[in-house]
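There are 2 protein chains.
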Amino acid sequence: MVGSVVDVSLMDPCEKVEALPREFDPKEISCPITSEANGVVEENGKREIVLGRNVHTMCFTIDEPDADDEITGEKEAYMASVLARYRKSLVERTKHHLGYPYNLDFDYGALGQLQHFSINNLGDPFIESNYGVHSRQFEVGVLDWFARLWELEKDEYWGYITNCGTEGNLHGILVGREVFPDGILYASKESHYSVFKAARMYRMECVKVGTLISGEIDCADFADKLQLNKDKPAIINVNIGTTVKGAVDDLDTVIKTLQENGFTDRFYIHCDGALFGLMMPFVKRAPKVTFKKPIGSVSVSGHKFVGCPMPCGVQITRLQHINALSRNVEYLASRDATIMGSRNGHAPIFLWYTLNRKGYRGFQKEVQKCLRNAHYLKDHLRAAGISAMLNELSSTVVFERPKDEEFIRRWQLACEGNIAHIVVMPNVNIEKLDNFLNELVQKRASWYQDEHIQPPCVAAEIGEDNCDCVLHKN
Amino acid sequence: MVGSVVDVSLMDPCEKVEALPREFDPKEISCPITSEANGVVEENGKREIVLGRNVHTMCFTIDEPDADDEITGEKEAYMASVLARYRKSLVERTKHHLGYPYNLDFDYGALGQLQHFSINNLGDPFIESNYGVHSRQFEVGVLDWFARLWELEKDEYWGYITNCGTEGNLHGILVGREVFPDGILYASKESHYSVFKAARMYRMECVKVGTLISGEIDCADFADKLQLNKDKPAIINVNIGTTVKGAVDDLDTVIKTLQENGFTDRFYIHCDGALFGLMMPFVKRAPKVTFKKPIGSVSVSGHKFVGCPMPCGVQITRLQHINALSRNVEYLASRDATIMGSRNGHAPIFLWYTLNRKGYRGFQKEVQKCLRNAHYLKDHLRAAGISAMLNELSSTVVFERPKDEEFIRRWQLACEGNIAHIVVMPNVNIEKLDNFLNELVQKRASWYQDEHIQPPCVAAEIGEDNCDCVLHKN
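As given, the protein sequences belong to chains A and B, one line each in that order.
Take 2 as the starting number for the first sequence in our numbering and just add one per residue.
Take 2 as the starting number for the second sequence in our numbering and just add one per residue.
Pulled out of the complex, with its shape left as it was, chain A reads as follows (with noise of 0.2 Å):
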């Protein structure tokens, strides 16, 4: 049941000064999980998925130093080492880095600065803490900033820089929860997995709801759902880009279909904008989130789109739930709403340099490139006869799953059983896709150069349109 476990001590000594990161095994960390080596054991047909220690881990051991360290310098030259390697391999990765929504493309060395400073925003960002080193006047100006953006007023919104976009989900549908305790959660079966982390954390029922092939939550099944469980509230997360397909579910049926249903105002909406929460207000036609439309909270990533050179994120809800909530904590003796309490003061340093240099213009500029870009990489794919599929608001590429492992690794491409996925960022410009697609047009032809081997079918995954197998191609 345990997995496998590195023993580290029986490592070539020199190992630990002369080893990069390991190259990681591909069978390993695609999704779905399907091997033991992944960590889930088939069990008379049941899969589990058995966490920890299962997979071979290089790691940099810390050893003691040796009293005369400081005379050698030798500990230190050891690390200068480890640290010079490690950063070459980052470089590395870095430029073939295709597969997840970061934008690596930033440059924030005029804050480099501030790193001698431990910057700790405790707590409600609106309530000054004693502990002087914060940097809670750039939260609060990012956080008007994304107000603004949702449409909301400086007096009526609350929020705060969490960590990354899970912790916004986890306080959105936190919030929630507590404007609804018996409400149900409803979430389409391709969001991201920390929403139904949440309804397992705060006890809560949770249905989830079917998608169509482009990813977008299925409104017909959602109002089934509803009619099951006409008696309780609903709670609903909306996806703003899925993490896979980068669909984004209309927040307008969605809302509909309540109201359609008998939940005039017996619903609590959370949109999970974690990619396409700061892209969708600057691409034409879609639809839009506001919090002028019924909604209760939004989050959205700052390494994302933004690019920051840690996780991030912002998470903005209306200041009524906030001081509802508040009603109910006072055994707390705290003031604090937030998850996490102690929290990064640099993140919303980065995000207010960003911010205030690319301005709303800036980001709109920067969406419309990587919607095109994402348009020249979806038409190139067709045209070289490999499946693919673009939703029409979004810079997530899908296609066909590469045959080989070695070429994933490679590009870090983040595949899901038949297909793989390339999100475009303000990083990805055109040089860059372009070798991307040299290379997998010239593998491609190696690896189907045997008539017997077929490119995979994926229409069931993004549908025959898109699909140009041998069954599906035109």
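Be a bit skeptical, because a hint or two may be false.
For chains that are exact copies, the list does not tell them apart, and a pair is met inside one copy or across any two.
In the DMTMM-like style, the derived pairs of lysine to aspartate or glutamate whose C-alpha atoms are separated by at most 20 Å in a straight line are [stated by the list, open to error]:
#, residue 1, residue 2
1, Lys366, Glu432
2, Lys366, Glu71
3, Lys293, Asp253
4, Lys359, Glu71
5, Lys76, Asp405
6, Lys366, Asp64
7, Lys359, Asp70
Hints are computed from structural coordinates only; laboratory data are not their basis.
Start from chain A and add chain B according to the hints.
Here is chain B on its own, set in the frame of chain A:
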């Protein structure tokens, strides 16, 4: 009900360039919360906390760049000016900080080169992700170090680097609840508020246990409470250093109490070692925190004793619990047993760097220095006729709350009712303490020059022996 709101647009337009982070009003900050300005409304004698937007917050606004900004360079100049002033205020505040247990003495210059990368440790540290820009190899090195410190074998532990002490508590208590779904959470009333937040989030029954004057859990009261709930398993939060008094719950007595009351194995112990989890192993005579005792998890903060630019922490638990947990998470289709999912990849490198440089011996020396300096501070306070207490195993000096709020603000002291505390960290040297003592003694002479105004009695908080008020002084 809704607190006051800042209309930033009303600010002097020059202010956005000129203003330093506003000095806060200490009336707003000290616990317990007692004033309306502080977001608390007394209604029918019932205290109600109103969260968010209760305090006028200084904010650095984000303005849309002008079309010609790139040519004029005005925007860059504005931002550089804000950052330079902010940096100056951080230097000043770092210099005078005494109230929070953060080691502000670190030099991570060698790691500045890594700020250019978006380092993200997605999910389980022991399972590779296909996002290549991670620092798992550092993270696992740090985790191994802590597992060794707390005596858990490499193949028997699981853990991860968290965003802060709160995340460690949230995780430890969640694991406890998954092991005993109908367990009751017991925590002393001086536990960190995140423990009670967890109970609320997780919908757990929670029983508060009384404390001794020292701040330690009162095991007689604990026994009584256990007797009232004999039918349900116990999940216990044990404090290895409480927030206010730095009190260390006696782990051995807690275990004995459980066993004497019939809880032979129906219990789960989480040790909240936010600060002292890393110091205790180096204190002679301290009851040992070790997995050789029947504990389930230990958490510690990384930005406290180690020192780190941003909050972070370490969570170590038994692998068997995580595997038990995993059997229940199939529907998550996730191998992620962390709370946060996306995690800051820089924090592990900071910790790795310091642990490698200092080693166990280095920390031992620092712990001894802190305890010595804490005794120095306590002795000098008492010699000056000032009420003060120092727990035997602690570096947190609790003393009479200074009368002048300006003084509290200047030294960033955390206060609660009539007491304040100073946490003596490695960056707090004798010189800094002497400066503080001299200033306090001098100020005090003026605060209490009028005989009718007397220092407060703090016997209720720290005991008669430690109280130097007019009634209790010998």
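Here is what the structure says about each hint:
no.: 1; hint: Lys366 - Glu432; verdict: within (18 Å within a copy, 55 Å between copies)
no.: 2; hint: Lys366 - Glu71; verdict: between (52 Å within a copy, 16 Å between copies)
no.: 3; hint: Lys293 - Asp253; verdict: within (12 Å within a copy, 57 Å between copies)
no.: 4; hint: Lys359 - Glu71; verdict: between (46 Å within a copy, 11 Å between copies)
no.: 5; hint: Lys76 - Asp405; verdict: neither (41 Å within a copy, 48 Å between copies)
no.: 6; hint: Lys366 - Asp64; verdict: between (49 Å within a copy, 17 Å between copies)
no.: 7; hint: Lys359 - Asp70; verdict: between (47 Å within a copy, 11 Å between copies)
Violated hints amount to a single one, hint 5; each of the other numbered hints is respected by the structure.
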